[in-house]
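K.L.:
Position chains B and C against the provided structure of chain A, taking the given hints into account.
Now for the letters of each chain:
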Amino acid sequence: MKKILYNQRVAPYVFVLPFVLSLAIFFVYPVISTFIMSFQEVLPGQTHFIGLDNYRNLWDDSFYTALWNSSKYTFWTILVLIPLPLVLAVFLNSKLMKWSAFFRSTLFLPALTSVVVAGIVFRLVFGSLDNSVMNTFRHAFGFETINWLGSSASGMLVLVVLATWRYLGINIIYFMSALQSIPSELYESASIDGANTWNKFWRITLPLLKPISIYVITISIYGGYSMFTESFILWSGNHSPNDIGLTMIGLLYRSGIEKNELGLGSAIGMILLLLTMVLNVIQLRLFGLFRKED
Amino acid sequence: MSTKWNRPQTWLLLALFVLFAALSVFPFYSLLLASFKPSKELLRFGLNIRLQPELLSFHNYSFIFSSGAEKYLVWYKNSLVVTVIYTVFCMLLSSMVGYGLAMYRFRGRNIIFLFVLLVMMVPIEIIMLPLYKQMIAMNLINTFSGVILPFVVSPLPIFFFRQYAAGLPKDFMDAGRIDGCSEYGIFFKIFVPLMTPAFGAMIIVQALASWNSFVWPLIVLNSGEKLTLPIGLSSLVTPYGNNYDILIAGSVLAIVPIMIVFIFFQRYFVSGLTVGGVKG
Amino acid sequence: MKKGITLTATLALALMLVLSACSSSGGSSGKATKVVFWTFNELHQQFFESMADKWNAAHPDEKIKLVATTFPYDDNHNKLQVALQSGKGAPDMADIEISKIGNFLKGEPQLVPLNDIVEPNKDNLVMSRLDNYAKDGQYYGIDYHVGAEVIYYNKEILDQAGVDADKIITWDDYEAAGKQVLEKTGKPMTTVETTDQWSFWPLVVQHGSDFLDKDGNVTLNDQANVDVLTYLQKLVKEKVAVVAPGGFHHAEEYYGFMNGGGAASIWMPMWYMGRFTDYMPDLKGKIIIKPMPVFKQGEMRSSGMGGTGTVITNQSKNQELVKKFLDFAKISKEGNIEIWKQLGFDPIRTDAWTDPAMTESNKYTDYFGKDIFTFLSSLKDEIAPTNIKEKTPAVSDVIKTKAMFQALNDLKDPKQVLDDAAASIK
Numbered sequence: 001m002k003k004i005l006y007n008q009r010v011a012p013y014v015f016v017l018p019f020v021l022s023l024a025i026f027f028v029y030p031v032i033s034t035f036i037m038s039f040q041e042v043l044p045g046q047t048h049f050i051g052l053d054n055y056r057n058l059w060d061d062s063f064y065t066a067l068w069n070s071s072k073y074t075f076w077t078i079l080v081l082i083p084l085p086l087v088l089a090v091f092l093n094s095k096l097m098k099w100s101a102f103f104r105s106t107l108f109l110p111a112l113t114s115v116v117v118a119g120i121v122f123r124l125v126f127g128s129l130d131n132s133v134m135n136t137f138r139h140a141f142g143f144e145t146i147n148w149l150g151s152s153a154s155g156m157l158v159l160v161v162l163a164t165w166r167y168l169g170i171n172i173i174y175f176m177s178a179l180q181s182i183p184s185e186l187y188e189s190a191s192i193d194g195a196n197t198w199n200k201f202w203r204i205t206l207p208l209l210k211p212i213s214i215y216v217i218t219i220s221i222y223g224g225y226s227m228f229t230e231s232f233i234l235w236s237g238n239h240s241p242n243d244i245g246l247t248m249i250g251l252l253y254r255s256g257i258e259k260n261e262l263g264l265g266s267a268i269g270m271i272l273l274l275l276t277m278v279l280n281v282i283q284l285r286l287f288g289l290f291r292k293e294d
Numbered sequence: 001m002s003t004k005w006n007r008p009q010t011w012l013l014l015a016l017f018v019l020f021a022a023l024s025v026f027p028f029y030s031l032l033l034a035s036f037k038p039s040k041e042l043l044r045f046g047l048n049i050r051l052q053p054e055l056l057s058f059h060n061y062s063f064i065f066s067s068g069a070e071k072y073l074v075w076y077k078n079s080l081v082v083t084v085i086y087t088v089f090c091m092l093l094s095s096m097v098g099y100g101l102a103m104y105r106f107r108g109r110n111i112i113f114l115f116v117l118l119v120m121m122v123p124i125e126i127i128m129l130p131l132y133k134q135m136i137a138m139n140l141i142n143t144f145s146g147v148i149l150p151f152v153v154s155p156l157p158i159f160f161f162r163q164y165a166a167g168l169p170k171d172f173m174d175a176g177r178i179d180g181c182s183e184y185g186i187f188f189k190i191f192v193p194l195m196t197p198a199f200g201a202m203i204i205v206q207a208l209a210s211w212n213s214f215v216w217p218l219i220v221l222n223s224g225e226k227l228t229l230p231i232g233l234s235s236l237v238t239p240y241g242n243n244y245d246i247l248i249a250g251s252v253l254a255i256v257p258i259m260i261v262f263i264f265f266q267r268y269f270v271s272g273l274t275v276g277g278v279k280g
Numbered sequence: 001m002k003k004g005i006t007l008t009a010t011l012a013l014a015l016m017l018v019l020s021a022c023s024s025s026g027g028s029s030g031k032a033t034k035v036v037f038w039t040f041n042e043l044h045q046q047f048f049e050s051m052a053d054k055w056n057a058a059h060p061d062e063k064i065k066l067v068a069t070t071f072p073y074d075d076n077h078n079k080l081q082v083a084l085q086s087g088k089g090a091p092d093m094a095d096i097e098i099s100k101i102g103n104f105l106k107g108e109p110q111l112v113p114l115n116d117i118v119e120p121n122k123d124n125l126v127m128s129r130l131d132n133y134a135k136d137g138q139y140y141g142i143d144y145h146v147g148a149e150v151i152y153y154n155k156e157i158l159d160q161a162g163v164d165a166d167k168i169i170t171w172d173d174y175e176a177a178g179k180q181v182l183e184k185t186g187k188p189m190t191t192v193e194t195t196d197q198w199s200f201w202p203l204v205v206q207h208g209s210d211f212l213d214k215d216g217n218v219t220l221n222d223q224a225n226v227d228v229l230t231y232l233q234k235l236v237k238e239k240v241a242v243v244a245p246g247g248f249h250h251a252e253e254y255y256g257f258m259n260g261g262g263a264a265s266i267w268m269p270m271w272y273m274g275r276f277t278d279y280m281p282d283l284k285g286k287i288i289i290k291p292m293p294v295f296k297q298g299e300m301r302s303s304g305m306g307g308t309g310t311v312i313t314n315q316s317k318n319q320e321l322v323k324k325f326l327d328f329a330k331i332s333k334e335g336n337i338e339i340w341k342q343l344g345f346d347p348i349r350t351d352a353w354t355d356p357a358m359t360e361s362n363k364y365t366d367y368f369g370k371d372i373f374t375f376l377s378s379l380k381d382e383i384a385p386t387n388i389k390e391k392t393p394a395v396s397d398v399i400k401t402k403a404m405f406q407a408l409n410d411l412k413d414p415k416q417v418l419d420d421a422a423a424s425i426k
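Protein chains in written order, with the numbering used here: chain A, 1 to 294; chain B, 1 to 280; chain C, 1 to 426.
These are computed hints drawn from the structure, not numbers from a lab. Keep in mind the model is a prediction, meaning the values are calculated, not measured. One or more hints might be untrue.
Stated by the list, open to error - Here are the simulated DSS-like pairs of lysine-lysine, each with C-alpha atoms no more than 25 Å apart in a straight line:
(1) C/K106 with A/K259
(2) C/K391 with A/K259
(3) B/K37 with C/K284
(4) B/K71 with C/K65
(5) B/K71 with C/K54
(6) C/K363 with C/K290
(7) C/K122 with C/K333
(8) B/K37 with A/K2
(9) C/K187 with C/K284
(10) C/K187 with C/K286
(11) A/K259 with C/K426
(12) A/K2 with B/K170
(13) C/K363 with B/K37
Here chain A stands alone, though its shape is the one from the complex (with noise of 0.2 Å):
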């Protein structure tokens, strides 16, 4: 028993144990499962195989606005939610910052906020009327009013909006954390050297904070990707003027699901699940996530 527990070989097995007994039991069989069915036409009682058809059919419009809509929130979100949060989160987590308590606690309210019901808060915000409170807004600059959710360049902004109102605390937490585990000495003695506050930023905790800043940007692209509520929210289901707000799930839940074609739904999946596995290695390559001393 003393020689297993002490044995530096078999320790690491142990550890992932509960992760490779839970992708066998419970993700072989479905993720195989779906992949064959993306040859197939699944209609109730009658499946059959279709060879490559689904891939074929699947590059059409819809196809393609999703894609660009899912790509284009992957994007913005990832160019506010980073270095935002980020920021943010080195201010409060300053000794100096008055009300930290506070502010941390308001910052982190709107991820708990139910979304269906925020949903009605946001539609009301940005309704198409003139009372309506953004189009106040903007005629208090001397601007007209506008349908929020009518066209695609305004409803983007409003999902990425919505996106920071709901992730903007959460991501915080992510990298408040990650400033814990940097040590005080080091600042101490950059100090010493005569260091001022932007050279701190930029050398000490920018860099350590680095495995932090990998984890964020896999995990804001696989959000992206897989952005579905905010938009089913904001336009109350997932038919959006012309599919200003279609993504990628959304696509996947309207072949799948709300037509119930599932061999089409599952073929959309595979190429969602290669499309952001081949996004994610490229990054996690660029930060040289797999090599052997990190």
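P.N.:
Leaving out everything else, chains B and C in the frame of chain A:
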């Protein structure tokens, strides 16, 4: 970042935070206000955010706790049970896996890590049908186990713990071995305390995820007495009209448990608490 | 350091115990047969629960124990689809909304044909409402209501403009009246949906066409469809109609707009009455219900829109009993009267419409007056049917996401818009 702030900068920064806080809180404020009014008032003239003290009452809340809405309390209880069990086991198992992946070099490490990422990226919507069949085969339909088990070893926290542990000094492992700790002792006695901020963050995030989880519980759970809160609240929204009374007050009350979790666990990643522990 | 591993093992064991402790399924049935029912509307659940009580009182030897659950709208259908697809876990009875029924009629429907309870009552039922849930001569679902399309006028606004609603017979009259309203009050005559189909579909059907023909082929771009869309676009261009705030007639923003007297009229099915009573309290007593205008004299003045069918799944172990109960709840005259009383719907059985019970006062008669069904009876033979087929989900998708918005918001050429829409449906 311990430099002195110049006064104008401090105030500018504070103003910025006040702005962010106000924007964050605004939708919640309108809901909180609406929850104390008759539900029709929220929609009556567009978004109604005037205080109107004469309209405020606890009626919606007392309705939730009356027999007319007893199902709400059932949903609430179910969500609490699922969230607590899920979070506890998810933390234990995921931190082990993440730690193992970060601290050891072994054959298959990169492959397993790739699979972690892969599982994270599989949209639940596409594996729903086969996973459902499997739940039937395993007799887990309409049980909380069916809701929890497939996702309790969750890739997202594994990844997070891996990244967090990767940032910790490996010297502690050798120090632990010299002190006579087993490999698992090193994890539980040395690294779990070192990862306290990570646990704090992940408990909040995963409890929140479980509390809000929707798609999978909905597929697994079949009967009214098993439904969880997000499903129950969504069932009040239909294309043919919404039950705003319970919906709004109910979702305000739904914030309470996770807010408590947040307030309790956030102190683990607030400055100054853990640095001392590193030397332990 | 055994502690670590023991701890883990203990926890794992505890996990199993705790979880398995939760998995006992409750079900203390006495002699009564358990009937599981899924719906997406808690009012439907309450209706069926009350009907189960009535059934048990009337049939003490065949008691049922109804276990009803309300799921969110989309997910009620997803769950049912998943359960029927995998052959396990489906309820005895379920509600399927009309726009989703096409999915369940694909391939071999996994539902029980209801012909033996439908056919004996053929003469009293609005059969076009049952055709929506039929395939190859088999009826699979029973609707709650006819969903007769009507037009709701805001009498206060019409009076200000000096318009008499009874003089509006054709859509040309309607347009003229609309211009008068706009001129006198500055308000639009009506609103049109840009992300839903209720402004467009009834007019198409009453004009003699549909999105799909009887065989399920796409007719979305035929002349009648183009005529109607051109007419709607003209109303928008003349500012007689405005696009509905929020995009459709169920948006929160829309309720506030109408409640404040935003437009002089709106055409929606009878079931929209509930939206007036619940979300537009300030219009009480000001709304009058009238038949729809027509494009040509002799065209039908209403159509059956929307709906939800109750089906029995082939996984039910007590299909005969469940059928009898469904007959009792939704086909019998008594059941149909209850549908009006409890749900405020126009029930599918026309001999119920003339029953004295239909004029008893409730929140609808308080809001709209007592002669709702006298009015509806006059339209009895003018309710145009719709064709609900396997392609219905695909058509309604393209209508909701593209066609309406492009024609009524972007003001693109209606013919082109509909041609594109029809072409996109495979």
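K.L.:
The structure should be examined with respect to each hint, and the outcome stated for every one.
P.N.:
Quick rundown of the hints versus the structure:
1. C/K106 with A/K259: OK: C/K106 and A/K259 at ~10 Å, within 25 Å.
2. C/K391 with A/K259: holds, 8 Å
3. B/K37 with C/K284: holds, 20 Å
4. B/K71 with C/K65: Satisfied, since the Cα-Cα distance of roughly 19 Å is no more than 25 Å.
5. B/K71 with C/K54: holds, 23 Å
6. C/K363 with C/K290: Roughly 19 Å between the alpha carbons, so the hint for C/K363 and C/K290 holds.
7. C/K122 with C/K333: The hint holds at about 13 Å.
8. B/K37 with A/K2: The given pair, whose Cα atoms are some 66 Å apart, is violated under the 25 Å limit.
9. C/K187 with C/K284: The hint holds at about 19 Å.
10. C/K187 with C/K286: Given pair C/K187, C/K286 holds - Cα atoms ~16 Å apart, limit 25 Å.
11. A/K259 with C/K426: holds, 12 Å
12. A/K2 with B/K170: holds, 23 Å
13. C/K363 with B/K37: holds, 21 Å
In summary, the one numbered hint that this structure violates is 8.
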